[in-house]
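Q: In case you want the letters, here they are:
Protein chains: 2
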Amino acid sequence: MAVNKKSEFGESEKIIADFAKALGHPARVAILKELARRKTCVCGEIVEVLPLAQSTVSQHLKELSTAGLISGTVDGAKSCYCINWETFSQFEETFRVFFEHANIQRCC
Amino acid sequence: MAVNKKSEFGESEKIIADFAKALGHPARVAILKELARRKTCVCGEIVEVLPLAQSTVSQHLKELSTAGLISGTVDGAKSCYCINWETFSQFEETFRVFFEHANIQRCC
DNA sequence: ATCGTTTATCGTAGATTTGCGATTGATTTT
DNA sequence: AAAATCAATCGCAAATCTACGATAAACGAT
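Protein chains in written order, with numbering that gives the first Met the number 0: chain A, 0 to 107; chain B, 0 to 107.
Some clues are possibly wrong.
In this list, chains with the same sequence are indistinguishable; a pair is considered to hold if it fits within one copy or across any two.
As the list claims (entries may be wrong) - Subject to a maximum C-alpha distance of 25 Å in a straight line, what follows is the list of computed SDA-like cross-link-like pairs (lysine to any residue):
id, residue 1, residue 2
1, K77, V96
2, K77, D17
3, K20, V48
4, K61, T86
5, K61, T72
6, K61, C106
7, K13, A66
8, K77, R95
9, K61, V41
10, K13, E44
11, K61, C107
12, K77, E92
13, K13, V46
14, K61, N102
15, K20, D74
16, K61, I103
Keep in mind that the hints were calculated from the coordinates and are not lab data. Please read all numbers here as calculations on a predicted model, not as lab measurements.
Model the full assembly from the supplied sequences, consistent with the hints where possible.
A: The following block contains the structure:
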């Protein structure tokens, strides 16, 4: 595209879109599923479960991290990740407010 | 990418990812906001509100439609769109089940 | 100190997304 | 019937995303 128009939208539109985009790939959903299932959550264990190369998984982890859906800390040579449930509930709240006064009726 | 690996993931991962991806652009969120706000919901009115060309808006409408987030019917020369709230509640349910047995505690 | 393990990052290729103008087809309006 | 309006689609350019191998960096074990 000639220009990126994403700056022209409102703040809540961007917040919702960013969260949704982070969730918008099956690999990242699968990562979240794994993190939700396990108590320990090391990168290598996620790599084992997914049909993707280590570098690709690491990239997805970074995206999830940037979007605030997960948190990670270095634990020796390994990296420990976990879900940032706060971000999820914040999103739910934003989403709820966003469609608060919606007209539920269908016009077509 | 060399190969598309999206077929390798589970069904619920794909369902969640597809819904999220459709929601993953501020323009599409803005369209949904406008549809939620209005009773009548004609394409031209959405074009007026967004900082995008008519053809681009039409494309976003098609994506939302394909993902099942909105429905559209032809109304003479115009096109009437509205939100498919059923899809939203279906997503909420899938999402809820997906993270049903999650470990809320943070490990890092 | 060297070796193996673990994970992040870099560079790159190919796919997809985003955006626009132009065009088309269909319907209103005049 | 001609002109104007509305919206979908086509074709294209640019941006972004996805994926991988190679490499680097950081740590633990030997």
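Q: It remains to establish, for every hint, whether it holds in the given structure.
A: To see whether the hints hold, each was checked on the structure:
Taking the shortest Cα distances, K77 and V96 never come within 25 Å of each other, neither inside one copy (39 Å) nor across copies (30 Å). Within a single copy, K77 and D17 get their C-alpha atoms no closer than 28 Å, and across copies no closer than 31 Å, so neither meets the 25 Å cut-off. Taking the shortest alpha-carbon separations for K20 and V48, both the intra-copy value of 22 Å and the inter-copy value of 23 Å come in at or below 25 Å. With identical chains, the CA atoms of K61 and T86 are at most 25 Å apart within one copy only, with a shortest distance of 16 Å there and 29 Å across copies.
Taking the shortest Cα distances, K61 and T72 sit within 25 Å of each other inside one copy (12 Å), while across copies they are farther apart (41 Å). In the homo-oligomer, the alpha carbons of K61 and C106 lie at most 25 Å apart only across protomers (17 Å), although the nearest pairing inside one protomer, at 42 Å, exceeds that limit. In this assembly of identical chains, the alpha carbons of K13 and A66 lie at most 25 Å apart whether taken from the same copy (12 Å) or from different copies (20 Å). Taking the shortest alpha-carbon separations for K77 and R95, neither the intra-copy value of 37 Å nor the inter-copy value of 30 Å comes in at or below 25 Å.
Taking identical chains as interchangeable, the C-alpha atoms of K61 and V41 lie at most 25 Å apart only when both belong to the same chain, with a minimum of 14 Å there against 39 Å between chains. For the homomeric pair K13 and E44, the shortest alpha-carbon distance between copies (21 Å) is at most 25 Å, but the shortest distance inside one copy (32 Å) is not. For a Cα distance limit of 25 Å, the shortest separation of K61 from C107 across copies, 16 Å, qualifies, whereas the shortest one inside one copy, 41 Å, does not. Proximity of K77 to E92 under the C-alpha cut-off of 25 Å is found in neither arrangement, the shortest distances being 34 Å within a copy and 35 Å between copies.
In this assembly of identical chains, K13 and V46 lie within 25 Å of each other by CA distance solely across copies; the values are 18 Å between and 30 Å within a copy. For the homomeric pair K61 and N102, the shortest alpha-carbon distance between copies (21 Å) is at most 25 Å, but the shortest distance inside one copy (38 Å) is not. For a Cα distance limit of 25 Å, the shortest separation of K20 from D74 qualifies neither inside one copy, at 28 Å, nor across copies, at 32 Å. When the C-alpha separation of K61 and I103 is checked against a cutoff of 25 Å, the pair qualifies only between copies, where the shortest distance is 21 Å, while the shortest distance within a copy is 37 Å.
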